[in-house]
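Quick mapping for you: the protein sequence lines, in order, are chains A and B. With the numbering used here as the guide, the letters of the first sequence map in order to residues 48 to 461. With the numbering used here as the guide, the letters of the second sequence map in order to residues 48 to 461.
No lab work stands behind these hints, which were simulated from the structure alone. Idealized CB from N, CA, C, for every residue including glycine. Fair warning: there could be bad hints in the mix.
Unchecked claim - For the chain B half of the interface with chain A, some residues (derived, Cβ under 7 angstroms), not all of them:
| no. | residue |
| --- | --- |
| 1 | ALA63 |
| 2 | ASN66 |
| 3 | ASN243 |
| 4 | THR262 |
| 5 | LEU264 |
| 6 | THR267 |
| 7 | SER275 |
| 8 | LEU287 |
| 9 | ALA291 |
| 10 | ASN314 |
| 11 | LEU315 |
| 12 | VAL317 |
| 13 | TYR318 |
| 14 | THR321 |
| 15 | SER332 |
| 16 | ALA433 |
There are 2 protein chains.
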Amino acid sequence: MADLRINERRLSADFAALNRIGSTGDGGVSRPALSLEDLEARAWFAERIEEGGFFVRDDDAGNLSGVLLCDNPDAKTLLIGSHLDTIPNGGCYDGSIGILAGLEVLRTVQEAGVTLPFHLEVINFTDEEGTWFSLLGSRSLTGRLPLGRLSARHGADGALRAALSRAGIDIDRLKLAKRDPETIAMYLELHIEQGNTLDRLGAQIGVVRGIVGRTTLEITFHGESGHSGTTDIHQRRDALQGAAMFITRLHLTVQDRFDGSVVNCGNLEVYPGTFNVVPSLARLSVEVRHVDAKALGELEVQVVELAQECAGRYSLLLEHQRGEHMDPAIMDDKIIDNIVQVANRFALRHTSTVSYAGHDAQPMSAFTPSGMIFVPSVGGISHNPAEKTHWADVVNGANVLLQTTLQAAQRFTD
Amino acid sequence: MADLRINERRLSADFAALNRIGSTGDGGVSRPALSLEDLEARAWFAERIEEGGFFVRDDDAGNLSGVLLCDNPDAKTLLIGSHLDTIPNGGCYDGSIGILAGLEVLRTVQEAGVTLPFHLEVINFTDEEGTWFSLLGSRSLTGRLPLGRLSARHGADGALRAALSRAGIDIDRLKLAKRDPETIAMYLELHIEQGNTLDRLGAQIGVVRGIVGRTTLEITFHGESGHSGTTDIHQRRDALQGAAMFITRLHLTVQDRFDGSVVNCGNLEVYPGTFNVVPSLARLSVEVRHVDAKALGELEVQVVELAQECAGRYSLLLEHQRGEHMDPAIMDDKIIDNIVQVANRFALRHTSTVSYAGHDAQPMSAFTPSGMIFVPSVGGISHNPAEKTHWADVVNGANVLLQTTLQAAQRFTD
Chain A
48 MADLRINERR
58 LSADFAALNR
68 IGSTGDGGVS
78 RPALSLEDLE
88 ARAWFAERIE
98 EGGFFVRDDD
108 AGNLSGVLLC
118 DNPDAKTLLI
128 GSHLDTIPNG
138 GCYDGSIGIL
148 AGLEVLRTVQ
158 EAGVTLPFHL
168 EVINFTDEEG
178 TWFSLLGSRS
188 LTGRLPLGRL
198 SARHGADGAL
208 RAALSRAGID
218 IDRLKLAKRD
228 PETIAMYLEL
238 HIEQGNTLDR
248 LGAQIGVVRG
258 IVGRTTLEIT
268 FHGESGHSGT
278 TDIHQRRDAL
288 QGAAMFITRL
298 HLTVQDRFDG
308 SVVNCGNLEV
318 YPGTFNVVPS
328 LARLSVEVRH
338 VDAKALGELE
348 VQVVELAQEC
358 AGRYSLLLEH
368 QRGEHMDPAI
378 MDDKIIDNIV
388 QVANRFALRH
398 TSTVSYAGHD
408 AQPMSAFTPS
418 GMIFVPSVGG
428 ISHNPAEKTH
438 WADVVNGANV
448 LLQTTLQAAQ
458 RFTD
Chain B
48 MADLRINERR
58 LSADFAALNR
68 IGSTGDGGVS
78 RPALSLEDLE
88 ARAWFAERIE
98 EGGFFVRDDD
108 AGNLSGVLLC
118 DNPDAKTLLI
128 GSHLDTIPNG
138 GCYDGSIGIL
148 AGLEVLRTVQ
158 EAGVTLPFHL
168 EVINFTDEEG
178 TWFSLLGSRS
188 LTGRLPLGRL
198 SARHGADGAL
208 RAALSRAGID
218 IDRLKLAKRD
228 PETIAMYLEL
238 HIEQGNTLDR
248 LGAQIGVVRG
258 IVGRTTLEIT
268 FHGESGHSGT
278 TDIHQRRDAL
288 QGAAMFITRL
298 HLTVQDRFDG
308 SVVNCGNLEV
318 YPGTFNVVPS
328 LARLSVEVRH
338 VDAKALGELE
348 VQVVELAQEC
358 AGRYSLLLEH
368 QRGEHMDPAI
378 MDDKIIDNIV
388 QVANRFALRH
398 TSTVSYAGHD
408 AQPMSAFTPS
418 GMIFVPSVGG
428 ISHNPAEKTH
438 WADVVNGANV
448 LLQTTLQAAQ
458 RFTD
C-alpha cells in the first residue's frame, strides 16, 4: 500500500478537460456557483463518477459525491472534499485540483483492490466561493448554515431560488442536507495555498494546522453634509475624513500590535458623493482574520474602539454592526501527524502553516476530525487567471492525499 | 434719492409667493434648473415683470430679465442678477432674495420717477447651481461657457437637450446668448453669505472683495486586487490605503500651510468594492478653493505631489487630471467703495469678506465691473431647508442694493 501512487497521466487529462468548462481563454476559468458553467462541471464530474463505477450521491444542498463503498454497510465514511465552482474570472487550480485528486484517490484504491475500513467519498461542495453564500454546501452538510442570514440577504429577490432550482435544489429543503457526524470518520482536503508562504520558503507541502477565523464589521460614520466652500473648516463634520483616518490607522495598528492577523477594507461608500458637498456619511466593511479565537475577539474590540476615536476626532456619530463571523478552525492533531509522516516518507519539504483563506474544511473541522494539505501557489497569486501551481506539486499533493487516506485507514483499523 | 427705500411689504409678499413654488413643506424649496418648478418660478417672475410694466427680455441661454429702459436707447445697462433655481431640497433664500430685491429696485426707481443714465435690468440666470452645468446662464452671457466640456458631460444622453427644450432653449444656440461688454455699465448682486463669517462677527452687510477660484482634480490610485486573506500584507498594493492616507494628510497640509484655502474630498469610488478583495482602484475628486490665483496654483501642485507621495508609499500608480477650473474673481474697487459708503450711511455693521461659494458674479466680474453684497446666513447654514436670513437683514440688503445702484448712477453721470 505504501507504494501506491495516483495515475499522473489520467489526472492531467482530467485537469485539461475540466479547464475547458468555463474557460476564459486567458488561462483562467469562470464557473460561479450555480451558473451554467458550474452545472456543466458538475455533469462532467458525475460522468467521471459513473465511469469509475462509483456510487453517485447527492444531497439537498446540491453537494455531489462519488462513493467507493466498503464491504460493511454500517461503516463510517471518510470524506475528501473540495469545490468545482470558482469566482468570476478565477484561476483553474483553486478547488478543482482537490476534487480531481480525490477522484484519483478513489480510482487508485479501487484499482489496487485495497479494502478500507470506511466508505471513501469524494464530495464537491456547492458554492464554496460565496457567489450566493460562502461555504453553502459544507455549512449545510454540517448543519451550520445560518438560514436567517441567507434569507435576509436573498429573501427579497427570487434570484437565489431560481439559481438553486436550476441545480435541482429547493431552498426550503437545504437543511435536510445535514449529515450525522457519527457516520463520518474524518475529512481531508487538498487545496492550493493561495498565499506565498510555501513559495517563499521553498516548501512543497503545507501542513495546515488551522484556518483563520473571520469577522466582518459594517462601520458607518455619520456626519453632516454642507456646502464644500462655505462650511467653516473648523466646524465640518466630514464623514469621509473620519473614515480615511480610520482606514490608515487601522492598518498601522494591526501591523504593530496584532501579529499574525490580517485586515482588509475592501469597499467604501460615500454620501451624498458629490465633489462639492461635504460628505455626510461614509460606510465601509472591515474584515479581520486571525487563527486564534481570543486574538480575533480582541482585534474586533480594537477595530470598534479605533473607529470611535476617529469618529470623535471629527464629531461624527458611529454605527457598527457585526456582519459575517466564522470561528477559527483547528485541524486534527492525528491527521496532521499522518500528513507529516507521509511528506517525510516522500522526502518532500514541508512546513506547518495557517490558512488565511476560508475553506470547506472550516465548517467540517467543527463536525469531524479534519486535515488539510496545501500545495504552493507560484508568487502567491490566486483568484486570478495567472494563478498557478507547478504540476509536480499538484501530483505530490495528490499522492500525499492518497497516502494520508491509507495511513488514516491503518490508524482507524488499529 | 438718498431717502428712497424699497417696499418691505411688497418684498415680503413676493417672497411668500415665490416660496410656494417647489415648496418641500419643511421650510425648504426644490427648484432644480429646468425642472417644472423652475419653469413655474420663471413664469411667475415674468408675470411680475409685466405687471410692473417693465420690458421682458430673454436670451438663447434662457436668462430672463425685466428691464427699466431709460430715455437714451443707446445707453448702457446696469445688470442686477441672481437666480431662481435651487439645489434639490435647498433653502428659500439662496438666489431668490437677489432676484426679488432686484425687482424691488426697478419698481422703486420707477415709482420715484428717478431718471437713470443707464437701463436698469434685473436678470434671472439659468442654472446657477449646476444641476446641468454650473453658472450656465452667466457663463453663456459672458461668452465663457466651455461648450466642449458641456457636450462631453451631456453629449451621450439627450436629457440636457430635452430639459433645455422644455425652457425653449436650443443647445446649439447657447453661444448666441453672449452680450457685448461695451453695452454693460456694471453688474451688482445681492446674495446670502452661505457661510458663518458675518453671523460670527455680528456684521449686517458683507462687502465682497473677491470670490475664491476653484480647481477640481480627479485623482486615481491604481493598485492590484488580491485575496483579502492570503495576499502578503507587506506586498499589498491596496489602492484604498493610498487614498485614505492622501485624504487625511491633504486636510492637515491645507490647514497647516495654506491659510484661507478650503479643500473638499466629496466622493470616493473603490473597485472592485468587495469586502473580501484588496482594492485595485480608488478614485476621488479633490476640490480646492482660494481667492488668490497664485496660492490656488501652488495648492494644486501640492495636491498632486502629496498624492504621488501616498501612491509611492503603497506602490500604487497615480493618475491625475484637472477637472473644472474657475479663476478667482475680484470685485470692482469703486463699487466696493459705493457699498461701504451706503452701509455707513445706513449705520449698518459691515465687513470686507471673501466668498467661498461660486456666484454668477464670478464670470460677470471678468466681463464688467462687478460688486456683490452679502447678508448673513444664520449659523452659516445653506443648501438646506434650515437655511435662514433674518428678515431685517434681507430688507437691509435690498436697500443697500438700491442705494448702491443710485450711487453708481451718480458716479456714472459725473
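Take the shortest C-beta to C-beta distance between B/ASN66 and chain A; is it under 7 angstroms?
Constraint on B/ASN66 not satisfied, violated at 20 angstroms.
Would the stated hint for B/ALA63 survive a check requiring a Cβ distance to chain A of less than 7 angstroms?
violated, 25 angstroms
If you take the shortest Cβ to Cβ gap from B/VAL317 to chain A, is it below 7 angstroms?
holds, 5 angstroms
Chain A contact restraint on B/TYR318 - CB to CB distance below 7 angstroms:
The hint is violated - B/TYR318 has no Cβ within 7 angstroms of chain A, the shortest such distance being about 9 angstroms.
If you take the shortest Cβ to Cβ gap from B/LEU315 to chain A, is it below 7 angstroms?
The hint holds - B/LEU315 has a Cβ within 7 angstroms of chain A, the shortest such distance being about 5 angstroms.
B/LEU264 as chain A interface residue, shortest Cβ-Cβ below 7 angstroms
B/LEU264 check fails; min Cβ-Cβ to chain A is 10 angstroms, beyond 7 angstroms.
With chain A as the partner, please determine if B/THR262 meets the hint condition of a C-beta pair closer than 7 angstroms.
violated, 11 angstroms
Closest C-beta approach of B/ALA291 to chain A relative to 7 angstroms, hint status:
Cβ of B/ALA291 sits 4 angstroms from chain A, so the hint holds.
Identify whether the interface hint at B/THR321 stands, where standing means a beta carbon of chain A within less than 7 angstroms of its own.
holds, 5 angstroms
Does B/ASN243 pass the interface hint, meaning its C-beta sits closer than 7 angstroms to a C-beta of chain A?
Given a least distance of 5 angstroms, the restraint on B/ASN243 holds.
Would you check whether B/LEU287 satisfies its interface hint, that is, whether its CB is within less than 7 angstroms of any CB in chain A?
Cβ of B/LEU287 sits 6 angstroms from chain A, so the hint holds.
Take the shortest C-beta to C-beta distance between B/SER275 and chain A; is it under 7 angstroms?
Where the cut-off is 7 angstroms and the nearest Cβ of chain A is about 4 angstroms from B/SER275, the hint holds.
Violated hints, in rising order: 1, 2, 4, 5, 6, 13, 16; the structure is consistent with all others.
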